[in-house]
Structures are given as structure tokens and as C-alpha cells.
Amino acid sequence: MIAFSNTVKRYPNGFEALKGVSFSIERGEIVAVTGHSGAGKSTLLRLAAGIELASQGSVLVNSQNVSQLKEAGLAVMRRNLGLVFQDHKLLFDRNVFDNVALPLSIAGFSHLESGKRVRAALDKVGLLNREKAAPITLSGGEQQRLCIARAIVNRPAILIADEPTGNLDQAYAETIFDLFRSFNQVGVTVLLATHDESGLERLNCRRISLERGNVTA
Amino acid sequence: MRGWLTTHANACGRAVRRLLAQPTVTLLSVFVIGIAITLPLGLYVAFANVNAAAGRVSTEPNINVYLALNASEQETRDLERRLKSLGGVDRVAFISRESALQEMKRVANLAELLGSLEVNPLPHAFAIQPTAVDAATLEALRKEITTLPKVESLTMDFEWAQKLKRFATFAERIVLLLGLLLATAVVFVTGNTIRLQILTQKDEIEVSQLIGATRRFIRRPFLYFGAFQGLLAGLVAVLTVMAFVWWAGVEVRALTASYGGDFSLRAPTLNQSLGVVAFSGLLGWLGAFLSVWMYLRRVSGR
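Chains A and B supply the protein sequences, listed in that same order. Here the first sequence is numbered in this note's numbering, starting from 1 and rising by one per residue. Here the second sequence is numbered in this note's numbering, starting from 1 and rising by one per residue.
It is worth saying that the hints were derived from the structure and are not from the lab. All clues given are correct.
Below, simulated BS3-like cross-link-like pairs (lysine-lysine); rule was C-alpha separation at most 30 Å, straight line:
| no. | chain 1 | residue 1 | chain 2 | residue 2 |
| --- | --- | --- | --- | --- |
| 1 | A | Lys132 | A | Lys116 |
| 2 | A | Lys89 | B | Lys202 |
| 3 | B | Lys84 | B | Lys163 |
| 4 | A | Lys132 | A | Lys89 |
| 5 | A | Lys116 | B | Lys202 |
| 6 | A | Lys132 | B | Lys202 |
| 7 | A | Lys116 | A | Lys89 |
| 8 | A | Lys89 | A | Lys19 |
| 9 | B | Lys84 | B | Lys165 |
| 10 | B | Lys143 | B | Lys84 |
| 11 | B | Lys163 | B | Lys143 |
| 12 | B | Lys202 | A | Lys70 |
Because the structure is a prediction, the values reported are computed rather than measured.
Only chain A is shown next, with the shape it has when bound in the complex:
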């Protein structure tokens, strides 16, 4: 489902964030990318989501070479991914409902269908009673769950999450990991970057360890 092959990511200043990384993830797997800060975890996830392009090697998502996709093809690919960002990337001028509805609006869903899906997604992350709230009034954990609701509202086959529990306390973090586990149990492939050891134990999943841009385990 996702395959990196000798993937190198080199920035214009010459810094290599990934130095020939190779691995593959099968459909329905849950995989955690671990490593210290600066190991290349976020870069790896950004390459998988097509936010950045590989300098060498290839990144295949659903058998499509991300580097070779044109703008429209890339947009279609991203619509089939669920992306959870460490900094949430919420729109603070819209309420909870509208934030979650954004991917559906992009995909051209009707208001009726959109409403059903948004409420189902909010229900899954436990925010159904906050649909009219402004994101700024939510706690850090609620904002992360809102970000997850937006990622799953399109019913993606792949969920990519970058440090989803980075700023959360243990109780909230456990809730988030339990959510990822529940999505995986219904067939969603999950690729997440984290250095939360207790969370990894809770997930009990395959790990890809990165160190200075190389896969070490």
C-alpha cells in the first residue's frame, strides 16, 4: 500500500533528511515511525502524503509513484488519505462542524450527505456535542480529536499522523492511540510518527526506527 524504495530527501541547502530509506506497508497494517527529533520522521510522512517530493528513489502510495503525479492527481490521492498534523492545522474562523466538513466540501458532497458524515466522524472522536463550538474554545486533546475527525470524515484507506499526541498529557494521548487502533480494526492502514513509548506499547504495532535519516530497525 505504501512503499519507499531507496528514498532520499535532500533540501536545497544540501541537508539530507532521508538517506536511502526502503520499507513497505501492507494494506490494513498499523506502523509507527519512531526516532529522536530530527531523525526524519516528519519528512518521511510528508513524502508519503505528497507534501514534499523525493530527491531520489521512489515513494509509492496505492501503487502510484507520488513524484510522478501531476497537481490534479496528487489532489485526488490526498483526498484518499487522512492527514493528522502535529499542529492540527485547524481553521479558527470556522466552527467544529465546518472544520470537519472541509474535506467533504472539496470532494463535492451535498450538504445533506456532508452533515451525516460530519456528525458520524464527530461521534467517533467524542465531539458530537461540540459541533457548534469554536476550535479556540477546545482543549489541546479536543483539538487533536477534531483534527482526527477531519482526517477520517472522507473514510480514507490510509491514515497518516505526525506526532498526534505530541502536546498532550498521558490520558488524552491514550484516547488518541485507542482511536487509531479502532480505525485500524476496521481496515484502515495507519502510518504514524511518534516517540511516545507508552503509546507504542498500547498500540503494539510494527515499528520503523529512524536515526539521522536512516532506517535502523
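Please arrange chain B on chain A, whose structure you already have, making use of the hints.
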């Protein structure tokens, strides 16, 4: 198809909401663009009215030859024959002194005054239509006619009409140039308004791109915004010009009536008005397109 319609309806709704969200800014932008369109439209209407007035005047060269009052019938026929035989003469029409008097009574409302005269003071005349229109040939023809017997005087009064025609052509070009310059200004003004809109929507654009929005999807509400702004500005321009034509038209009608004329100012037709509004909308759309295109090109890494 349904999805396509839904995305367009959503984009359209978002554009309207953005227009209504800042009514003062929207009104200011619409009026700035409206004024920029009013200027060439107003000049065009003025030019069309001058043209209509000039259209009532013949600009074809025409030479009027007036005979001596004592010219006999035979001498008049001889002169007509000689005029027709001259090179450069296309048509010769005889105007008898009696018909000239009748015409003068009719046109100049001088029936009472002319009726009081005991003798007809007007001479026989020939109206000559030359084949040439250049000044040198016409001058040579004038000299030749002057030497003919019983020719008392001669007028060639088409030059001012030709000057008016040249002025109208010049004015037409000025209006076209001004129109092009102000149309470019409209594109830039709209582009700048959209650029400010983009800056306030920067986060939304970034998030939308990350979760699968195409450039077309991001562009769409801005294009509607620009087009709506342009349409409203076009409407402002048409209404302003119509109001001016109505306001000034009353005076123009009164003025021409005092000279015995019936000229009145013409407002833009319905088709012209719709054309201006549509063109203005197109300019707004173009300004928005260029602005969003440049922004996305700058922020996109691909």
C-alpha cells in the same frame, strides 16, 4: 455532474458571503472599479452622440455655383452644359431661383419676411457633385468654374464637415485607448482586492491544499468574487452614465429646440448596457484569476 454543481454552488455562496462580510470594503472597491468603467463608457456615449449629430451633416464634397441675377434661360442652359463637360464633375443639379426661395421659406421659417419681398432676391444655382475629394483637385475645379460666364459666386462648404469627421475618428481612437487603459486598471484593482482576500484566507488555502483541494477548487470562489465585483461595478457605471444622460439630456433637448432642431442625447441601449456589465464582470474574473494564479504559483513547491 451533481458534484460539479455542488462545488460551484458552494464556491458561489462563499464568494457572496465574502462580499457581504465586509460591506464597506466591497462598496468602495465596486465604486472605484465602477468609476474606472464610467469614464470610457461616458466618453463612448458622448462620442456616439457627437457622431449621431455629425451624421446629420453631409461630409461629401459639394460645390454650389450661384449665377448672376441677369442670367437668361439660354445662358443658364449653356452653363449647365459646360459644367457637365468639365473633368472631375460627377453630377450637376439645377436649382431654380423659385425653388430656392420655396426651400428657404420652408427651412428657415422666414416665410413672412420673404413673402413681403416684391422680387425674388435669390439667383439660379447649380449643385455640383465632384468625383474627386482632394483639396488640390477641388481647388483647380473651383478656379475653372469661376472663369465661366454668368458665374457670380461659388461655395465649397464641406471642409468643416470633413474636419468634424476627422475629429470624430480621432475621438473614437482616444475613447478606445482610454478604454483599454482603464480596463487594464480594472484588472489590477480587482487583482489587488483579491490579493488582500487571499491573505486573509491563507490558512484555509494551505489546509485545503493539504487535504486534497485542487488549484481549481481554491481558485473558484475568488473567481466568482472577482466576477461579482466586476458585474456590480459595471452596473454602477451604466447607471451613472444613464443618470448623466437623463440629467444633461433635458438641457440638450431644450437647447436644440431653440435652434429649431430635434436632437436629444442617446443613452446606452439595453444590449450595450448588458455588454458593459458582462465585460466588466469578465475583467473582474480576469483580475481574480491572475491574482490567484500568481499566489498559487508562488506558494506551490510543484
